[in-house]
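Spelled out from the first residue to the last, the chains are:
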Amino acid sequence: MTKQNWLNTRSWRAVITVGLLLALSACVTVNIYFPAAAAKRLADQVVGEVYKAADSGAAVVPAAPTHSNSAVSGPTASAAPSAFERITPTHVAGYLLATAFSAVSTTAKAAADLNAMSPGVQAARAQLEAIATQMRPYFVSGAVGWTANGLVAIHDAAAVPLQQRAALSGLVSSNNRALQNLYQQIANANGHPEWEGQIQQTFAQTWISKAPAGYWFQSPSNQWQKK
Amino acid sequence: MWQMTGFDRIGSLLSAKLFEVLLMALVGGFSAPALAQSLDISALRVTGPNWQIQHLQMRLQTADRGNDAMRLQAGALQAGKKQIWKQAQIHCLVQTQQGWSCQHLQMALVGTPWGALRGAGGLSLLRVGGTGAIGVRITGAQFGRAAVQMRSAPTGQWQLRAHGNLPLGGWVQAWRLLPANWQSAGDSDWQVDAQGADWTQADTAHFLATLTQGAFSSPDGLQAAQNVAAQLQGDGQYLGRWRGHIQLRWTKGGVLWSPWYWAAPDTAIEASSHWQQTATSWQLDDGRIHWPDLGQGRFGLIWPTTSRPLAWRLQDVQVAMGPLYSIWVKPLLPATGLATQAQVTGHLRFSVAGANGLQALQWNLQDANFDAKPLTVKGVNSIGSWRQQMKSSSASLSWRRANLYRIPLGPVAAQLVMHPGGFALQHALGVKVLGGTLKLQHLTGRWAGADSGFTMRGSLQGLSMTRLTQAMHWPPFTGTIAADIPDLTYHAGNIRTSGNLSAEIFGGRVQVNDLKVDHFLGVMPLLRANMTVHDLQLKPLTDAFHFGYISGVLQGEVHHLYLLNWSPETFQARFATVKTPDVSQKISYQAVQSITKLGGGDGISGFFQGMFLRLYKTFNYAHLGLGIDLKNGVAELSGVKPENGGFLILQGQGLPRVDIVGYNRRVDWEELLARLKIAMQTGAQVKTGE
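In the order they appear, the protein sequences are chains A and B.
When the letters of the first sequence are read in order and numbered with the working numbering, they come out as residues 1 to 227.
When the letters of the second sequence are read in order and numbered with the working numbering, they come out as residues 228 to 917.
Please note that the accuracy of each hint is not assured.
Stated by the list, open to error - Below 20 Å or equal to it, Euclidean Cα-Cα: the simulated SDA-like pairs (lysine to any residue) are:
| id | chain 1 | residue 1 | chain 2 | residue 2 |
| --- | --- | --- | --- | --- |
| 1 | B | K858 | A | M117 |
| 2 | B | K557 | A | T133 |
| 3 | B | K557 | A | Q164 |
| 4 | B | K313 | B | W278 |
| 5 | B | K479 | A | Q164 |
| 6 | B | K479 | B | T437 |
| 7 | B | K743 | A | A189 |
| 8 | B | K557 | A | P161 |
| 9 | B | K666 | B | W701 |
| 10 | B | K743 | A | N188 |
| 11 | B | K766 | B | K666 |
| 12 | A | K226 | A | N115 |
| 13 | B | K557 | A | K226 |
| 14 | B | K659 | B | D711 |
| 15 | B | K605 | B | H574 |
| 16 | B | K600 | A | Q134 |
| 17 | B | K605 | B | Q570 |
| 18 | B | K766 | B | N792 |
| 19 | B | K600 | A | T133 |
| 20 | B | K806 | B | L781 |
| 21 | B | K479 | A | K226 |
| 22 | B | K813 | B | L853 |
| 23 | B | K557 | A | S169 |
| 24 | B | K666 | B | R627 |
| 25 | A | K52 | A | M117 |
| 26 | B | K858 | A | A189 |
| 27 | B | K666 | B | R694 |
| 28 | B | K743 | B | Q799 |
| 29 | B | K743 | A | Q184 |
| 30 | B | K557 | A | Q134 |
| 31 | B | K813 | B | N792 |
| 32 | B | K858 | A | N115 |
| 33 | B | K557 | A | S173 |
| 34 | B | K858 | A | N188 |
| 35 | B | K858 | B | D762 |
| 36 | B | K844 | B | V810 |
Said to hold, decoys possible - Non-contacting residues of chain A with respect to chain B, defined by C-beta distances greater than 12 Å in every case (computed):
| id | residue |
| --- | --- |
| 37 | A130 |
| 38 | D156 |
| 39 | R177 |
| 40 | P193 |
These aren't lab readings, by the way, just hints derived from the structure by calculation.
Backbone N, C-alpha and C fix where the C-beta goes; we use that ideal spot for every residue, glycine too.
If we strip away everything but chain B, and leave its shape as in the complex, we get (with noise of 0.2 Å):
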């Protein structure tokens, strides 16, 4: 018996030689009169290249009638990290008429990526010229099915061809391609060529897999497939490292990767690359891909063999916005909000690297148009790179026109400073509104974190009150509005200021304290605030509408302001004129109509009482106030003071006199806010001459 122990590599020498030496013996040996004779090789260890055999055991034995028999047992077959067996065992009758051959082949596998494998066959090597041949048959209950046919010539070349049926479950489990409590189905067709000049290396390989009614599911669900048709086709060269094509085509079933879900088109999705091995990875390069209805670019991979991470690019990609934004943006945003009812057109080229995380991204954004109500944007164009290991780079962004809430917002132009957290305004940005501008001297913006989201800071200016009211459908109101907008922070759909808002309207200002915004963009916005008015003119408050003529300056305050969905909803308000030098606190007999109405009633009743007091045009008064508590879709009304059991509106000066006095503490905001519209739009205006 011949034992050879501890050799690291015996490699092609050991192939040719050995085998042949083993096999002239052999035949040598068999050819001899009938006696029964074994022969036993063993060898501890067999190396060659990137592969290794463990505790070889080979016995050839004669018998009577011929029935020569070759049993050969091996131990774990290695082959680089990936184990082919465990453990193998081989039997089969051994000819040696005509050559020699090994008929009647029976194979045992076990510990195989596919579990347990049984196979049937034959082998015959021809001494004569030295050519061999095997053909097999495996079977296996996760493997499927496979015939191999082998042929070599007497100069070490051969050629292999092989093709099977493999279950989707047995490639998932051979190549570890889901976790194992992932389940899966599905039929795959393939077939593998390959030849070399030296049976210890194939030289050139082509494969083509096609799969049928493929799925899998995760234990959850929500990772899944159904009735996927794709075929996978490529070859190789093996030119010191493997290197070739590699072509994939998708033509049927749906896959869920949640949130995102992709559906094949009716034209098939085709990716295709040039692959390589290097000394530390598998590569794919200058890979091309091309989605119909979606676009086409470029693509490349690196899968190190290494601990390093997995690196992928995607090169001029051109997509069309609307499936972009359907397929691959809006799985990511909150199922409620803009994000729901989003249309979005135009067209987008990029670039994009990642390796543990997004890593770079360049973009040209060209003529793309937002339709979210209460958000629209049109003509938008971008231009812009972005590095995670850059300290800063630059973009562009401009729209043409949009919508946000009914207000126009003109043409804006800006430039925008990117580093790896997010981006800012390179320069102060002014953009029209409503006759005014808006200018932002400061807007930043943060891709991730607890503060993620936007910042601005800025002024508005000259905004029109009548264009605004007009695009608000509120009651319509004259001047415009000048305001300081403090820091204004939007994160995860709500709005936080940290100053107060300040606002210059009809000659008075404004203040907003404490605002937030609460689903500002979602279904159902609530506005909190506090508010203080100071020093406003009523004479441009009541002159352009047909409530009637105030003169006078009014201070108030409106504490714990609520508007759910924009309107109020919850407030409390307290408002009264006060006495300034130079001002004169007059009323016309048309707004004293108006308050009346505003009460419930139809304006000043009594024909005497009316009579006398449309003698005259205004009528002095020494104060005016009113407080709302709003609370329950209730006003709680009341005035300047007590007065009668009711409450004092409106207290005259001099002759001729008008007091208002309300009795009707309680009344329905929605009536009295249709009450205040019809005061607003009817009865003529009232010159006064002031």
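The shape of chain A in the complex, shown without the other chains (with noise of 0.2 Å):
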């Protein structure tokens, strides 16, 4: 090979890598990426309760959050001294630091999850929880099952009695209202009306990981198939 060659081979590659690099520079792509793993999270926390109200046999009010922060003061907090007199700097200097350090791991963590305590997302629970009560006498006996979007549907009617069929598609129509209006309430409460057929898809798979055996449900093909 002669200095030549080797010059021009040199400096071809390092023209093919500028170039390279310039062309991968000039390919700015913005995503707003939909925040599955916490999708995911929120629908294991939500389908588990909405599971547990309808084992338990009465709807359970969602409760409020309760935060470990040491800046709220709790059900002991008339035994501290009074937060409307002049305390001590030493209890300025530790409320100052607590709600430095809550400031901080709220950000993180309002950054990581997703929001489900909006007044909107808790009534659309409470919903779910109602009818979730009604519905599994259906689930049990296979007269419904989940839908691989996310819904309820009438799997076989004949499976119970009559008298039970009666209020089935009233119950599966309610049911389905109420899982739409959760879904579009946690897309609303995070910002992003957009996100509804993804939270609804992360929590198509919830229902049917975390549902019972013998339950059934439908695959992605529309197949009906028991747990």
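Grab the two chains, each in its own frame, and use the hints to assemble them into the complex.
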């Protein structure tokens, strides 16, 4: 190989490398990613509570979140010095430290989690849990099952006696309205109404994966299967 | 061979005379010495009153040793619009020794409503005296079995008795009672007796059918019946047209017609009616139905043979409201909310008619009670009428007392104007509520469509805050509320307002904007609103309870207020006093104590500090204000301005001067409410002399 050739080869490589870098840097893609992991965690929590409410036979009103935050006075706060009185520098320092810590940690958590505590979400969850109690016998008997898109459909109405079957259509409709409302409220609470479909799909998998044995569900190809 | 073509109507003329001639010829012919002979008769079409048979072929054939035979072949037999069979073949051995008889009859029918049928039996016609008899047994896979006995007199009079056993599927298929892809099962025994003066026409008939173990199911299982036992019997008489009487008794089993389910009670449900055939329809007239535990009434039905819609009516129906609600009304209501737990009592008398939807309704509701927490209504009476074709009619509605979310509503007597799409209040209506009056200037209801539901507009006057807070188990307040209620709509369980709801309270005014309540009477109501508070007098606000005395004028606003199940879930509130001429700004020692307790402490600490302040009943202040941002169960507090790393809630003025500064900005909301309750319930009220 001659020196000229070597130079040519080196310079061409350099040109190609620079060109590739320029090309790559020119391909700027802006993505807003759906927080799939956070949605999965939220779905696990909500689905678990709905199944629990259905098992207990009574709707469980979602409790307000309890923050393990030292800046928030809890039930024992009455034993502490009055917050409305001047307090010692130590208290002020402790409070400021706790507030600063909570401010940082809250910010980090907000970035990682989906907000499921908006009043709309809580109302939707309560509605769903109330219906879950009524839906449970139909799931257990196989009269209804989960669809592949996170809703409920009639699988085998004949699995329950005639008298129970009368309410089946209305319950399935009400349950699906409550489910759609839940997905929409979660998307709205997080400022992304367009996430509803993805949240619904995440919940769809969780309803099935957390379902008790014997529940029916539809595969992605819409075939009914028994868990 | 005789060939008859193009006969449009042979009818009764053909009947007696032609067959008599044929039989005479046959009997005569067959009496001849034994040479095989045959006689063929064919007709392209033979018609009678309301029936027609095509391609009729009959062969009579003599044979050796007396085995003379008749073979009859026929094409489609049509009775009215119904095809009785598509093809028929009948074969028998003909005996002519004593009269004329057709023995060892074999019959095969194709294309009947029950599919293929086979029959066996005998037929005899006695020439002497002209009497005749037919006895046939018919079987078929879907048909079950039947035996038919028929006798005729020389005058042409005849009697028929037929009985058999037919699977329910046979009836369903024959009369197309259910769609083809539905399943059915069950047995029925049936019997028909009929007679006539002329073989072409029955004059009277009686029938009885008993169904046992009856069942059917739609493919999705949402329309079904199980274990049904019922009996249908009736009679008919032909006087130019058919008319008669029919009776149905349902004794056992259940029927699901989603969303309704009806179960036969211990005592049979009975319905009976006169029936008649007209030129354009079949009718049920003067029907009567008795449904044990529910009620009884009269009914009628017109089933047109033309394309006109089926028309029905129920008249003078008297029912108990409890079973009416649970059996007929509740299944139509949403699965959650009021409907699921409602208990209804009372009596209703009504008439209703329909054809292509509801056409008319008259009702008289007496002493009904509706109990479905959070709404209970007692002593409800209502009389009225409604017609789809009538522009307006009148109705009345009254109740003795009611409760909505623990708020008692006084007696009501309303006059309503009914119109095809709904109703409207005829005159303004006043309802006594918590010592005041809810005046409804406008109230309308619409049955269907996108704007179905209720719309109201009115005002509230003199509502007692004391009684309201007692009823709702809220912290006690005094004074009265007067409010203007803008157009407020209730649709599909949700409440919306199109304007600002304005209430006068504690000498000031509270405006509620953008009010929305989802699932108002449902499991978990969610209220959303924004509020502004103008010129609220603190003195009457703090006068009545043990929080302490504060005077001044308060302004404020509450944004993004969310009440979930009527408890605050989220809001951003700012309240602050504003200096107002002729209104002092003073706060009592006890109020200072209460505010500090609200912050989580034990009140004013320090022996000398407390002793010194106790010397004074009240203190002047320059500013008093508090901000609360509630979110996720935590209240974020703020004051009138920042102060030494905290926030200033009370800025004193003059001497002695008291400032209150808060440092704990974040407080658990439930804890804050508990402290407020304690602060308001403890301590002696300070008399200020103002």
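Hints, verified against the model:
{"no.": "1", "hint": "B:K858 / A:M117", "in the structure": "holds (9 Å)"}
{"no.": "2", "hint": "B:K557 / A:T133", "in the structure": "holds (19 Å)"}
{"no.": "3", "hint": "B:K557 / A:Q164", "in the structure": "holds (14 Å)"}
{"no.": "4", "hint": "B:K313 / B:W278", "in the structure": "holds (14 Å)"}
{"no.": "5", "hint": "B:K479 / A:Q164", "in the structure": "holds (18 Å)"}
{"no.": "6", "hint": "B:K479 / B:T437", "in the structure": "holds (12 Å)"}
{"no.": "7", "hint": "B:K743 / A:A189", "in the structure": "holds (17 Å)"}
{"no.": "8", "hint": "B:K557 / A:P161", "in the structure": "holds (19 Å)"}
{"no.": "9", "hint": "B:K666 / B:W701", "in the structure": "violated (25 Å)"}
{"no.": "10", "hint": "B:K743 / A:N188", "in the structure": "holds (17 Å)"}
{"no.": "11", "hint": "B:K766 / B:K666", "in the structure": "violated (29 Å)"}
{"no.": "12", "hint": "A:K226 / A:N115", "in the structure": "violated (33 Å)"}
{"no.": "13", "hint": "B:K557 / A:K226", "in the structure": "violated (33 Å)"}
{"no.": "14", "hint": "B:K659 / B:D711", "in the structure": "holds (16 Å)"}
{"no.": "15", "hint": "B:K605 / B:H574", "in the structure": "holds (13 Å)"}
{"no.": "16", "hint": "B:K600 / A:Q134", "in the structure": "holds (18 Å)"}
{"no.": "17", "hint": "B:K605 / B:Q570", "in the structure": "holds (11 Å)"}
{"no.": "18", "hint": "B:K766 / B:N792", "in the structure": "violated (31 Å)"}
{"no.": "19", "hint": "B:K600 / A:T133", "in the structure": "holds (19 Å)"}
{"no.": "20", "hint": "B:K806 / B:L781", "in the structure": "holds (9 Å)"}
{"no.": "21", "hint": "B:K479 / A:K226", "in the structure": "violated (35 Å)"}
{"no.": "22", "hint": "B:K813 / B:L853", "in the structure": "holds (16 Å)"}
{"no.": "23", "hint": "B:K557 / A:S169", "in the structure": "holds (14 Å)"}
{"no.": "24", "hint": "B:K666 / B:R627", "in the structure": "holds (17 Å)"}
{"no.": "25", "hint": "A:K52 / A:M117", "in the structure": "holds (18 Å)"}
{"no.": "26", "hint": "B:K858 / A:A189", "in the structure": "holds (13 Å)"}
{"no.": "27", "hint": "B:K666 / B:R694", "in the structure": "holds (18 Å)"}
{"no.": "28", "hint": "B:K743 / B:Q799", "in the structure": "holds (17 Å)"}
{"no.": "29", "hint": "B:K743 / A:Q184", "in the structure": "holds (18 Å)"}
{"no.": "30", "hint": "B:K557 / A:Q134", "in the structure": "holds (15 Å)"}
{"no.": "31", "hint": "B:K813 / B:N792", "in the structure": "violated (36 Å)"}
{"no.": "32", "hint": "B:K858 / A:N115", "in the structure": "holds (12 Å)"}
{"no.": "33", "hint": "B:K557 / A:S173", "in the structure": "holds (16 Å)"}
{"no.": "34", "hint": "B:K858 / A:N188", "in the structure": "holds (16 Å)"}
{"no.": "35", "hint": "B:K858 / B:D762", "in the structure": "violated (27 Å)"}
{"no.": "36", "hint": "B:K844 / B:V810", "in the structure": "holds (18 Å)"}
{"no.": "37", "hint": "A130", "in the structure": "violated (4 Å)"}
{"no.": "38", "hint": "D156", "in the structure": "violated (7 Å)"}
{"no.": "39", "hint": "R177", "in the structure": "violated (9 Å)"}
{"no.": "40", "hint": "P193", "in the structure": "holds (17 Å)"}
Hints 9, 11, 12, 13, 18, 21, 31, 35, 37, 38, 39 from the list above are not met by this structure, while the remaining hints are.
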